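*Asks:* Since the structure of chain A is already known, use the hints to place chain B on it.
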Amino acid sequence: MNNSTALPISIRGLTKKYGDLNALNSVDLEIKSSEFLTLLGPSGSGKTTLLMAIAGFNRPDAGSIKFGDAEMVLTPPHKRDVGMVFQSYALFPHMTVSENIGFPLKLRGLAAKEVMGRVDEALATVQLSGLGDRAIDQLSGGQRQRVALARAFVFRPRILLMDEPLSALDKKLREHMQIELKQIHRQLGVTTVYVTHDQREALTMSDRIAVINHGELAQVDTPEAIYNRPKDQFVADFIGESTMLSLTRGGDGRLSFGSEIISSSSPNPSVSKWSLVVRPERLHLLEGDVNTSEKQVVFRGHVKEYVFQGETAFALIALDDVTILSVRFGTGAGSRIQLLEPGALVSVGLMREDIILIPQEGQT
Amino acid sequence: MPISPDIETPMLHGQELQSQKKREEWVLLGLSLPAIFVIALVVILPVGWLFYLSFVDGHGNFSLEHYQKMVEYKSYARVFITTFKVSALTTLICIVLGYPIAYFLAALPSRWSGIFMLAVLLPFWTSLLVRTYAWLVLLQSKGLLNDLAIQIGLWDSPVKLVHNMTGTLIGMAHIMLPFLVLPLYGAMKKIEPDMMQAASNLGASPVRAFFSIYLPLSVSGLVAGALIVFVLCLGFYVTPAVLGGGRVVMVATQITAILEHQFDWGAASALGVVLLLATVLVLYLAGRFFKFDTALFGKR
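Just so you know, the protein sequences line up as chains A and B, in that order.
Just so you know, my numbering puts 92 at position 92 of the first sequence, and the rest follows in order with no gaps.
Count along the second sequence from 1, add 1000, and you get the number used in my numbering.
Isolated chain A, as found in the complex (with noise of 0.2 Å):
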């Protein structure tokens, strides 16, 4: 639709208290023009907080929100003109849907006629023609969520916030959804910020991910980057299935796990304690006695657990008395699951490349 009216965000220094609890500590933030950017966190992380005042439904302590070049810390939402979603969609219910789609054109003094036309428009891009004099409470949740969002980017704002607007879908219809939201996005090319707690979702959706934890960003990433290469204990733990390998450092320098060597030389040399962290499905299955070797690193232990799946196979593999390595192979020939049998020994192979080193909680 219109590119140029999209605008880039940037937070400075934005610091919300409720109390003692820190919401948001010193957020920097830069949100890059027509970007697709999702607030990845648990619950109380914060990025509702930090959605909201971007939104500017509440008032953060210090800081500040720039909208291109304007500041907006101290503007009211209803002239902050940026669209957006709510988790419970927020529909007017004594308007029809063609009444909620119109009703900020009307505010913002369009003709009749105009108003009829935009939200046509709208409604033809989220796929709800004719439905227009439907009343709310007769829509599915889908439909909600259709109108909430052509609600919120009918009058052509230059920001279209989310928060999390999926979640009360259910898992078919949302999967689905996410797919149609990344196509309208880069339909209207407006800055998009997206808050969900559901990591898939945002790798699924995003352009970079920003993960939020104790209201400070962890890592601001293109989701390939957050995945494959976390930069701290919670990022890697939070974002896919991982097990953690505390590692030994060695005189000179290198890391290992047992007897195997994990990296010869540390990543950065003033920390002392570096994981290991091994994402399952990241492991192969190894058929007779296979030895670590400069392409990949082989763990060998016995069979806990394991879980046909369908597309995968998940299983539990106990490296020694404390150490149990989660892995997932696909069930396809040649994927050797027939091996894993409760209390078999097995060895797994782990690609050099596919190595990812943390520092260990507690160090800088």
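None of these hints come from the bench; they were simulated from the model.
As the structure is a prediction and not an experimental result, all values here were calculated from the model.
You can take every hint at face value.
A few chain A residues that face chain B, going by a derived Cβ cut-off under 10 Å, partial list only: (1) P76; (2) R80; (3) Y89.
Glycine included, C-beta positions come from ideal geometry on N, C-alpha and C.
*Replies:* Just chain B now, kept in the frame of chain A:
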């Protein structure tokens, strides 16, 4: 094969399930019977008796004389006009005072709203007579209010605040206020806070958001409360009798007067019938303009 009620394969326990359902329905009816009986005894019978009396003259013959008198004498029309005027004004005062109160209560976090709700309800639990006479004490020419106003120089000599329309309205509004606030508070509590956030986000100023979103969403509670107040006012006796001091004659006061001075049951009954019909008419008209059950029970 699709499962269908087949004649050849009788439904499993079909008959027992049916008779169980029937039994429950009878039990339900049986449990409501005492209440239905009481309502018939204390409401329907007396109202029927009232109707009968109003159509009978002093000699026990059918007659329309009571209704004729009501049309002929101007004083009757005046009584009805006063009744509707007092009721309408009281309702209006209750709306003006009650809407902000209900909004305040609905906006408070629940642990505080409970305390303030008590302030609304406490007078509600006090005897009607006590409250009415308390107003008499406060409002009379040597009462608390006049003394205070003269002391701080608001006015020089006592102003007549009671035994007139002013006193009646003050007393009635005070007594009726909870009836307006409670249903309105219920309706407001149901408005999700993100409704107003959404309105604001879409570009509505606070004033605009109130009139486009909040007011329409709370109007069902407002109509319910206003109707209850108005209808209760139509038949109100104690407060207008005491605080009106005989100068504010409403239908209920008039009925008492007729019975006390003329002992004319027919005329009193006819007044009662007209008041009842007027009330039904008000409710019917209100039902035409607003979805009635929505207004009273707050269903969406």
